[in-house]
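Peer 1: Following the hints, position chain E against chain V.
There are 2 protein chains.
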Amino acid sequence: MEGAESEATRIMIAVNESSIKGYPHASISSHGAFDWTLRKIVRSNPSGFKLLFLHVQVPDEDGFDDMDSIYASPEDFRDMKHRDKSRGLHLLEYFVGRSHEIGVPSEAWIKRGDPKEVICHEVKRVQPDLLVVGSRGLGPFQRVFVGTVSEFCVKHADCPVVTIKRKEDETPSDPVDD
Amino acid sequence: MEGAESEATRIMIAVNESSIKGYPHASISSHGAFDWTLRKIVRSNPSGFKLLFLHVQVPDEDGFDDMDSIYASPEDFRDMKHRDKSRGLHLLEYFVGRSHEIGVPSEAWIKRGDPKEVICHEVKRVQPDLLVVGSRGLGPFQRVFVGTVSEFCVKHADCPVVTIKRKEDETPSDPVDD
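Chains V and E are the protein sequences, given in the same order. The UniProt record's numbering puts the first residue of the first sequence at 1, with every later residue one more than the last. The UniProt record's numbering puts the first residue of the second sequence at 1, with every later residue one more than the last.
No lab work stands behind these hints: they were computed from the structure. Careful: at least some of the hints might be erroneous.
Using C-beta positions, here's what the derived DEER-type ranges look like [unchecked claim]:
1. E:Lys-155 to V:His-25: 27 to 33 Å
2. V:Lys-167 to E:Lys-155: 15 to 21 Å
3. E:Asp-169 to V:Arg-125: 21 to 27 Å
One side of the interface only, derived from the structure: several residues of chain V facing chain E at Cβ under 7 Å [unchecked claim]:
4. Lys-40
5. Arg-43
6. Ile-110
7. Val-126
8. Gln-127
9. Asp-129
10. Val-154
11. Pro-160
Quick caveat: nothing in here was measured; it's all calculated off a predicted structure. Even for Gly, the Cβ is constructed at its ideal location relative to N, Cα and C.
Isolated chain V, as found in the complex (with noise of 0.2 Å):
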């Protein structure tokens, strides 16, 4: 059905970190997001397909991430943009790895902005054939206040787009945590 020099299926899939305090670790919506994505297309079929990791960096709105650190100097922020991108290459280094495990071929970038409006506009850059994004599965009511990625994107992104609800047994105390 397919020759050995047909593209591989490149399929985006948007990471981010868990936002739960003192889990320095990948979204459980992000894992979600990756584990289907191995399970249930790539299966045993690794070399069919290149996984694409965007993960976008939210620059915060007055620079103070951490409240209970004192930024004193521009050094200080220098040092807080480092933390922030070496976090950022930590979670992706992580997604990476586990696919060099597997055997599927993948590559990993980061972008600061807006998560939806990069998502999109990258998804129009590397024209991906399927976007996978996570999604805590939130209710109507916490909807309004949190807003979606993942709705968005399935409206505005220029490729196919699948969206993985968090399974109910893995929603945190505070569902909006994720």
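Peer 2: Quick look at chain E alone, frame taken from chain V:
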């Protein structure tokens, strides 16, 4: 990555007939959804997947589907129902036949009712891993008047959903046609 005994990924594909007069085949967007699934997801791994084709027939509100005919007896209505049913079977036969050629296991069935409601109901019942629906890719103005099955399914279906938009060069002269 998967044992021989691991369960196949079950992909439900909602298919319908073309609305183009005199074109007795699958709609353009049904074709698009099916082809995308084969080319981008199934690829060279047919035994990893099972395709579930659902065709929903819409009962006419007044019972007159074909205004060129005259229905004058209960038998006429019965005949019409038979004819509708055989048209639907012909449609499914096409998709099952193509799947068989490629070696992907498949199943197909017909239901009657409002497509969006029936699709979501069948998703709940058969619990596929992914629902693929074609879409005409109508603009907001056209969408208001025709409604879209895909938007409803994305919101309400109880499984991940991917919408495959019709390509621009496949759009018939009336974009509401399919």
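Peer 1: None of the hints should be skipped; say for each whether it holds.
Peer 2: Going down the list of hints, with the structure as the test:
1. Our hint of 27 to 33 Å for Lys-155 of chain E and His-25 of chain V holds, since their Cβ atoms are close to 30 Å apart.
2. About 19 Å separates the C-beta atoms of Lys-167 of chain V and Lys-155 of chain E, a value consistent with the hinted range of 15 to 21 Å.
3. Take Asp-169 of chain E and Arg-125 of chain V: their Cβ atoms lie about 22 Å apart, and the range 21 to 27 Å holds.
4. Here the hint on Lys-40 of chain V is kept, as its CB sits about 5 Å from the closest CB of chain E, short of 7 Å.
5. For Arg-43 of chain V, the interface hint holds, since its Cβ comes within 7 Å of a Cβ in chain E; the closest pair sits about 4 Å apart.
6. Interface restraint check: Ile-110 of chain V against chain E, minimum CB-CB distance 26 Å, threshold 7 Å, status violated.
7. Interface hint status for Val-126 of chain V: violated, as the beta-carbon distance to the closest one in chain E is roughly 15 Å, over 7 Å.
8. A distance limit of 7 Å between C-beta atoms decides the matter here; for Gln-127 of chain V the minimum to chain E is near 13 Å, and the interface restraint is violated.
9. Evaluation of the Asp-129 of chain V hint against chain E yields a held restraint, the C-beta minimum of about 5 Å falling below 7 Å.
10. About 6 Å separates the beta-carbon of Val-154 of chain V from the nearest beta-carbon of chain E, less than 7 Å, and the hint is met.
11. The closest approach between the C-beta of Pro-160 of chain V and any C-beta of chain E is roughly 5 Å, which is under the 7 Å cut-off, so the hint is satisfied.
Violated hints for the displayed structure, listed by number in ascending order: 6, 7, 8.
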